[in-house]
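**Q** Below, each chain spelled out in residue letters.
Protein chains: 2
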Amino acid sequence: MNRMNSIRLVIVGGVAAGASCAARARRLDESARITMIERGPDVSFANCGLPYFIGGEVKQRDALAVQTPQTLKEMLALDVRIRTEVISIDRPGKRVRLRGVTDGTTEWLPYDRLLLAPGAVPLRPDLPGIEDPRIFTLRSLQDMDRIKAAAASAQRVVVIGAGFIGLEMAEQFVHLAKQVTLVERLDQILPPLDRSMTRLMEDELRRHHVEVILDDGIASFSSEPAFTCHLKSGRTAPADLVVLSIGVRPDSGLAGDAGLELGPRGHIHVNAFMQTSDPDIYAAGDAVEINDFVSGETTAVPLGGPANRQGRLAADHMFRPEHTRPYLGAMGTAIVRAFDVAAGLTGWSEKRLRAAGHPYRSVTVNDNHHASYYPGAKPLLLKLLWDPETGRVLGAQVTGMLGVDKRLDVMATAIMGRLTIDDLAQLDLAYAPPFGSAKDIVNLAAFTACNARDGLVTPLDAIPDNPEVQVVDTRPAPLVQAHPLTQVRSVNIPLMALRQRLGELDRTRPVVTVCALGKTAYFAARILAQNGFQVSTLTGGIRAHFDPRTPAKLPTPG
Amino acid sequence: MNRMNSIRLVIVGGVAAGASCAARARRLDESARITMIERGPDVSFANCGLPYFIGGEVKQRDALAVQTPQTLKEMLALDVRIRTEVISIDRPGKRVRLRGVTDGTTEWLPYDRLLLAPGAVPLRPDLPGIEDPRIFTLRSLQDMDRIKAAAASAQRVVVIGAGFIGLEMAEQFVHLAKQVTLVERLDQILPPLDRSMTRLMEDELRRHHVEVILDDGIASFSSEPAFTCHLKSGRTAPADLVVLSIGVRPDSGLAGDAGLELGPRGHIHVNAFMQTSDPDIYAAGDAVEINDFVSGETTAVPLGGPANRQGRLAADHMFRPEHTRPYLGAMGTAIVRAFDVAAGLTGWSEKRLRAAGHPYRSVTVNDNHHASYYPGAKPLLLKLLWDPETGRVLGAQVTGMLGVDKRLDVMATAIMGRLTIDDLAQLDLAYAPPFGSAKDIVNLAAFTACNARDGLVTPLDAIPDNPEVQVVDTRPAPLVQAHPLTQVRSVNIPLMALRQRLGELDRTRPVVTVCALGKTAYFAARILAQNGFQVSTLTGGIRAHFDPRTPAKLPTPG
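These protein sequences, in sequence, are chains A and B.
The numbering used here puts the first residue of the first sequence at 306, with every later residue one more than the last.
The numbering used here puts the first residue of the second sequence at 306, with every later residue one more than the last.
Incorrect hints may appear among the rest.
Pairs count within a copy or across copies, as identical chains cannot be separated in the list.
[Unchecked claim] DSSO-like mimics (lysine-lysine), calculated; alpha carbons at most 27 Å apart, straight line:
hint	residue 1	residue 2
1	K364	K453
2	K378	K858
3	K824	K378
4	K656	K537
5	K858	K824
6	K656	K824
7	K683	K364
8	K858	K364
Hints were generated in silico from the structure; no laboratory data involved.
In isolation and in its complexed conformation, chain A is listed as follows (with noise of 0.2 Å):
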């Protein structure tokens, strides 16, 4: 084939994004002329999964590795430079200057288009003592290598940061029977949910014996006597070993340098074909900023499935611009499992949408992951929130032990579509016993939503700190034995016996009904109402605010 006027197509970072690009490059133009230049020893590696290496889930190191520089070479007749770093662009030349990372050997090389697909960088901040070389950040296959080196010969494991990579490396540092303290900065873990969201989370941790340390920071690192952690709070902790997740920046030095528009917080800057402010030069991945979907704003969501497919989107841009359908923007969807537990959201959480003041509802709502009566029914946590406007959804948090995923990827699908609560109300879910219920979690959420919105119901998100408020617990009185609701005042009136009780409740004053779930809770909200009570109900009940494992009936005796 005659490549003397093919495009010519250097791609800087050979992981997710570029990756990608070089994929979809080659398959649209067998006679481009593409090379990879990565400053790692690596290509195209499974980033995501360096945690399950180091804990022993995943036991072939060499499973992470995708595609290697030769098997890129030999099935995308790519040119594959590994331990290379492009160190300026030289844009009126169209060309950028490589240097070879062992030996310093420089060389110009020409480009039609160019990719950056650096990623970005684990934060490492500037604390007293943070050199010692028993911290350490986690982002190539060689960080995963020292971390699994020094779990060795560890005991005591601190893990600072308590998001995605934080949580996913506490739970495999357990596997390794390390102990282990996990700090995080705010008063909840996985800062981007919502607190009622990560109760569960947080008490499997502890059940798994991690140490949860919230609402506190790391101040500085001493090594003598031995070496330790001192938090903001003047708590210590000893450690063999640190792990610092605590978020990444954008590693676009190169594009800044180069003169690139670049966002606030230093992100390169995209349009919606990922083309930087030079149109032959784009940029995807965890080193750029675009769009939300939901809000239309500028955001960065560092995460491995919009890499893809920004790389992707920018080879299509590149080779066949007419056919390129824009960049419709991220949702931010993401999930992390730590030992029986997964947790995850889409769009926007509460705390998010509170913060940048747009009007919100939401319902938090319990079921069974599939039908209770069949074995292995396992709880399940959604929290639900909307435009009061529209009725449409901007956010879906859950948690649980199974079938979280489906319900955030049919929540994530939703916001792609715009779906109303009206709309998921009467969506057809797969159903059989053992995939999930007649009447799904995700259209009990959008049932609870319309009632809400619709008046039926109003839900609360705390119970309010007010003596005028009657407390009433609707669960059978058996159960409030067993599991009495001790955080606040309440009277128990089980459901069942609420029409023949309403005298002992002062229709003066308010009512909020609670439950285990929050279901029988809203039907004696609907009794209440309906017989002169001003009532609001706690949405997502006890499991939700108060304690995640509580039942909702006794065991069966026998």
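With chain A fixed as given, assemble chain B onto it according to the hints.
**A** Below, chain B without anything else, positioned relative to chain A:
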């Protein structure tokens, strides 16, 4: 509460639609006088769970009784009349005539609103020998008890009809160590699905020693000398127990006798608020015809999910008409599991689109249900159908071992959101290695669909029976040796060697590329197309069309 002026609601049928209507009605109106009439002894039971009690997966019969007449009375203040049937409707007088099933006494019961939720009756064709007491259908708890009792002494079981219930019953009889024969009139199991999507399930049944007889129907039964099923082909199947699961008909006799409008197949006609041709009489559940969500045409979808939502919507319209959103229609989302395999669909199948003359295109893709390197990844097969004019998703089918329900639910939500293949290509699904892939199979299907739309690949559903065609098997040579493609004559040119071996192919003759999954065959097609070949690709690969368990790679040694 004064009930003198309250609405009198009579509900005929106390299972899915009827029970949902009653519960919703009570929540909307404490004062309503609600009477539930049920011919059988049970209300609100889990009819989808019946097979699982027969097979012993569900141990407690009580677990299937979601509510009892007593709990419904206590919780919802209903008047529940079991073992009572409605024998006529006096529409001008707005009353129904009741008859006690056991004592034959009759009485009139007035109504302001009437809901008909009579459900459907299993088909029992008028064949010679059909009255044999060893022939069962499954609809009620009593049917279930009878089959369970008969199964105790049966060894050979014949299940007639390989739809959802037939498959569930076949599986459960295997659990009971019966010798099971499954007979299906069509040339495939699971008639609502396209044939290529049923191969894995068929294979799973045979692996569990179910004798699957396709393309053959039941002709008659004889009981001398031994009870025997006679098939249309002349084949015979001896049996100790027969389950007929060949479909249902709406139990709409009462509605028809009352002069309510029925559809062409006897379903009760309703509007989008579930009102029959008499606006004070509503109908919901398996007995009604509703709109198909995709086409807007009239259809009937006798499934639990729609029945529940229709019953609820009918109550909404009775008590809060101004707040009721019309029923959007059913998507026919359904799933079944037998042993380790699940299969299902949402929206329209290819055969249904073809029969209706509706334009469509389709692709079939393979992938793992989560990241391949993470332990436990299981293969999935997904077929996506879309409208070539609009790009909108018309339907999807999925089969595999894990994650089938999730992809069906994403596709159902996509259909509700009227998403296009371009939208699905950008969908942000929840990704972490235990749950999915950075490019989920839903994204992959959409990529492939967009490629087909854009002419980058020409997907084929079968290899053309044309001696001119050069079939190129693009798998690695050792894989081809271990798992040869015996069904068609092919030449093996592994993808990795293709660029070097183009000279072995005749540029004047069409090429079809084939591989295990369809992925390397697509890559190869891109190379060939750009080198001037007329090339198409078997979509879904050998897995979809020839061998549902063919491996994509040889096991790694050691």
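**Q** Going through the numbered hints above, which ones does this structure break? Give me the numbers in ascending order.
**A** Of the numbered hints, all hold.
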